[in-house]
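Number of protein chains: 2
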Amino acid sequence: MNETHDLPAEDQARHAQKMARKKAARDRMMAQKTGEKGLIIVHTGPGKGKSSSGFGMIMRCIAHEMPCAVVQFIKGAWDTGERRMLTTHFADLCQFHAMGEGFTWETQDKSRDIAAAQAGWNKARDLIRDPEIRMVLLDEVNIALRYGYLDAQEVVDFLESEKPPMTHVVLTGRGAPEVLIDSADLVTEMTMIKHPFKAGIKAQAGVEY
Amino acid sequence: MNETHDLPAEDQARHAQKMARKKAARDRMMAQKTGEKGLIIVHTGPGKGKSSSGFGMIMRCIAHEMPCAVVQFIKGAWDTGERRMLTTHFADLCQFHAMGEGFTWETQDKSRDIAAAQAGWNKARDLIRDPEIRMVLLDEVNIALRYGYLDAQEVVDFLESEKPPMTHVVLTGRGAPEVLIDSADLVTEMTMIKHPFKAGIKAQAGVEY
Chain A
1 MNETHDLPAE DQARHAQKMA RKKAARDRMM AQKTGEKGLI IVHTGPGKGK SSSGFGMIMR
61 CIAHEMPCAV VQFIKGAWDT GERRMLTTHF ADLCQFHAMG EGFTWETQDK SRDIAAAQAG
121 WNKARDLIRD PEIRMVLLDE VNIALRYGYL DAQEVVDFLE SEKPPMTHVV LTGRGAPEVL
181 IDSADLVTEM TMIKHPFKAG IKAQAGVEY
Chain B
1 MNETHDLPAE DQARHAQKMA RKKAARDRMM AQKTGEKGLI IVHTGPGKGK SSSGFGMIMR
61 CIAHEMPCAV VQFIKGAWDT GERRMLTTHF ADLCQFHAMG EGFTWETQDK SRDIAAAQAG
121 WNKARDLIRD PEIRMVLLDE VNIALRYGYL DAQEVVDFLE SEKPPMTHVV LTGRGAPEVL
181 IDSADLVTEM TMIKHPFKAG IKAQAGVEY
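Heads up: the protein sequence lines correspond to chains A and B, in order. Going by the UniProt record's numbering, 145 is the number at position 145 of the first sequence; the sequence numbering is gapless. Going by the UniProt record's numbering, 21 is the number at position 21 of the second sequence; the sequence numbering is gapless.
None of these hints come from the bench; they were simulated from the model. Warning: the hint list may mix true and false statements.
Pairs count within a copy or across copies, as identical chains cannot be separated in the list.
Derived pair list, reagent style BS3-like, types lysine-lysine, alpha-carbon separation capped at 27 Å [stated by the list, open to error]: (1) Lys22 x Lys75; (2) Lys75 x Lys163; (3) Lys75 x Lys198.
If we strip away everything but chain A, and leave its shape as in the complex, we get (with noise of 0.2 Å):
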């Protein structure tokens, strides 16, 4: 480790000016965006991170108290960390709809599994088109999409003509369709380089819920 911080001063000043005209063409950048709209978000790939990072988006809302609201499309009753922040100290500021019945094994009922993502469609619509509401995750909505029990043409329609203008929609969940990637504005795939599951390990309280 690098125990003394006194670098030579040609080094410091080196750095210095490096450092000085990476801001200034920073600052230029970020000086042309100035714009502010309510998004949509995907996050999509194999690898982990694509809702707890929704998940810490609303948290970081319900920090700068926005109001905003989860649909779960698949989580049904599980008792995530996540559901239990919401409901029990967040409940005025953030709804927390868990409207999935598990995944699409665990029902073997691919009736139910459709009425079940169309109902959480139903509540997300509601939701999106309320201007309070300045923030809405659809959780794991992208399975439902790619299992076509809800028709991806009509969702993103429905953001394109129905969400207001400085809402925020988060979708998430592997496999979002073309469609959705080509309307949303921030797109995230998270790739999966290593996962401890492969080396027997379960899921944990804290990591994966």
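Dock chain B against the given chain A, drawing on the hints supplied.
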């Protein structure tokens, strides 16, 4: 949108059969995942969601009443949602230490950057050594590693030798060094598919901070 959920009986039966097979395979797989351990978790890559997902996991820990801690290596006195949330509501369960002084192009002082990174790492070591603390989030530490302000091998050696077995340590930031990725249990790369900064939209409350 699929308005009727009355699927033909043979479609229903085929789906149920397929999902029953999938569930059986999944149950066999999950039955082998019985281990629990404190994980070294890395979020890297240029996409969004690295810090917000770390923050989401911290909130999950709090929901499960697991003591935890955050050390911020870059963000200093910034009034972020995460800072406000943790210091206002959950100071009893989560320590929050903002040790950064801003991005290196803002300080323009390499000695000061190195000193700040070193102070952050000293604080992080104390927190990680405390077995009561179940998760420690080292936010943006990868930036300090990437610039060489901290020695990556020393960080990895410390985690491998002194981290209590059940403690999770989350390291976020672009450009995580290979030696850290090799040592980690769970690595996700956030890949940027689309970002609204490119369309002139600035960082917004709830989304970026």
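Evaluation of the provided hints:
In this assembly of identical chains, the alpha carbons of Lys22 and Lys75 lie at most 27 Å apart only when taken from different copies (18 Å versus 45 Å within one copy). With identical chains, the CA atoms of Lys75 and Lys163 are at most 27 Å apart within one copy only, with a shortest distance of 25 Å there and 32 Å across copies. Taking the shortest Cα distances, Lys75 and Lys198 sit within 27 Å of each other inside one copy (23 Å), while across copies they are farther apart (34 Å).
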